[in-house]
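Line order of the protein sequences matches chains G and C. Using this note's numbering, you'd call the opening residue of the first sequence number 4 and step up by one each time. Using this note's numbering, you'd call the opening residue of the second sequence number 7 and step up by one each time.
Hints are supplied without guarantee of correctness; some may be wrong.
[As the list claims (entries may be wrong)] With a Cα cut of at most 30 Å, we get these calculated DSBU-like pairs of lysine-lysine:
#: 1; chain 1: C; residue 1: Lys404; chain 2: C; residue 2: Lys115
#: 2; chain 1: C; residue 1: Lys159; chain 2: G; residue 2: Lys105
#: 3; chain 1: C; residue 1: Lys443; chain 2: C; residue 2: Lys404
#: 4; chain 1: C; residue 1: Lys251; chain 2: G; residue 2: Lys105
#: 5; chain 1: G; residue 1: Lys105; chain 2: C; residue 2: Lys404
#: 6; chain 1: C; residue 1: Lys125; chain 2: C; residue 2: Lys404
No lab work stands behind these hints, which were simulated from the structure alone. Every value quoted in this text rests on a predicted model; they were computed, and no experiment measured them.
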Amino acid sequence: MAFQSWRFENAIFYFMLAAYLLAGIFAWLEGFGKEGLARRFCLGLSVLGFAANTLVLTLRVMNFEVRPVVIDPYRLINTYEFLLTFSWFTVLVHLFLARRYKFQASGTFLMPLVFGLLLYGLTVAKPASGQFASFIVYRSRWLLVYFLTSALAYGSFAISFGLGIMYLLKNYLHNTNPRGHLAQRLPGLDLLDELGYRLVLHGFSFFSASLIAGAVWNYRAWGTVWSWEPKEAWSFISWLAFVAYLHSRHLHGWRGNRSAWMTVMGFLAVLFTFIGVSYFLPGQNIFGL
Amino acid sequence: MGDQTNNRTMPAIWRIFASMRLGLVLMFLLAGAATLGVLLPLGISSQGEVFGQIVQAIGLNRVFSTWWFKGIALLLAVNILVCLVYRIRAVIYVLRFPRMTVGSMDRLKYYETFFAREKAEEIAGQTTQVLLANRYRVLQSGDEEQVLIYADKQRFAIVGPVLAHIGALVLFAGILWSSSSSMQGTFITGTQEDPFKLATLGGRLTDQEKTLSLKAVDVKLISPASGVRDLKGTLELYQNGQMEKTGEISYGVPFINSNANFHLLYNVPTVLISTNNNGQQDVKLIRPTENETSILVPNSNPPMYISFSILRPGTSPQVTYTVVEYTPSPNPGAAVHEMRAGEQVQLINYPAFSFSLVGYEDALKLRFTEDKGIGLVLAGALILLLGMCVSLFLHYRKVWVNLIPDCEQVQVMVGGYTSRHRVNFSSEFSGLVEEIKS
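My request is simple: use the sequences and hints to build the entire structure.
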């Protein structure tokens, strides 16, 4: 009997979704007082979800319709696969923060975000089964670079968004109820500010690289570098938002609350570029990236 | 950026352009204008006469090509250039003449002091060894009263932002050059024909030096069963009547000849308007390059035209139409009506004539581009990325050590500074102090 990869993949996908959802719930339980066991569950489930995410991504790039089975990275070029890559990178950084800085609290905001995006991917974007992989126009290395750098950029911005929210919450609790359990559980303000900034810096570099790779692909495929279609225009607006963030931080010393608000607003602009533009301002960008 | 220079000697205009605050304001303006450009539909100019005229005058229906949008971008470029001039001077100065001392070391974020019983020279030697082992560049000066040690690491990190801004300027220059020197033309499939009949299509493009003509032959769908039109064909390019080049062209893969590229595009929405004159039917197209068209009402006296324009290109099939009499110039006060797909309109004075909006049809287009600025655009992009990588992976760290002999002991003051990666530097600084102490 032929190996039905999609059945296996579906099972793994739902397992991953459940793991991320439970990890998010345990992260919140940990924040509100169920220390110890909840923390271990949150971390364990994040690791399991991440392993399942890796497996789903691996299955996505494998083409089982031909023999022998081939690995084709161009099968990733679609919104659903983009969300899988985006969540994979986000959870990877979350696990790194948990290990390097003993910083499990990042899951409080990241795991629900990852769960929501994957749910969106499953219900709205839907798997593509390598729909675009067979067309010459999409088999471009520039497009692949664009795809990967975008996923890394969005992931970095998502984490900086989570850290920004945590900064604002911690700052609020610091002023109102500094001895409360949640205030004690959240990491120090300096660490949150510094890590958020570093992730924005990484995200911004990846984002710039993705805009450049996308423009080169656009030129190769359609003869125009930039055409101001809605997706491009909103990418430019998001890029400007982060340019303003970096300059205000470097030159005007904007840190703390103002800086955290800017990362939150920047990520919302990115999220609108990714999801909102596809619905409210449709353009030529067929796979929503 | 320009704050480091002497403000009194700077002319007012330079002072304004050297301000980073202006840069931030211009970026916000640019982002706001881009938001307007995306959110306002092209058909907004037809929403009422006075409002429409205001929109037309300001160019809100074509923000990205207006003089004021380009003006904001140009002001931002000038702002970056002026800031860069001062920044480069400051960076060169910092690299050539590092600041050996700081005013009050105890006000630094990273600062520790302790007393040691060894001689100042011994401590200086040991400190230098520690800093060198940690890959710091070490400079030493001093007199009988104190020994000053300055050390820094990855100082070229400060070049990163400069490179990134140079890249942005080169990119901007490339875009300007592209828009002023490039040539673009399109060939679109004929009326009502199967859009895949590009084989029958020929065209001519003329620039100052040469006359190009081309013919596309044997255009085929690669995978006809799929929903996506994946085309492939052969293109023949003639220059001054002589065949210059022939080669394959497919959807997304251009046919390249010297600097000129030919791109095959398919998903070009073209609006179809059906007309009926006494039972004789015809179809009129509004091509994407035109965005509007007009039809002469048959047998109308005085001549009557109906002009159509697409309301929101690429979205729902909807056009606006105006019925105007040419006596001899069009009537500017004519009412504008909206027409949706399937809607039929009959003229009161000419009941035999009617028209309706059929909807959109995908047309096939062959685009010709000759972009002379593309090299500069790519070079700018690469410099921009390089600058970002330098900023990202290097971070400038400075350490000052002051040794002040005090009776039998020596007071050791250690201070550190970094603008980024504070969490990591905090532990690195503590490690350095421990090593110096030991």
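Exercise. Hints broken by the structure, by number, lowest first?
Worked result: Violated hint: only 4; rest satisfied.
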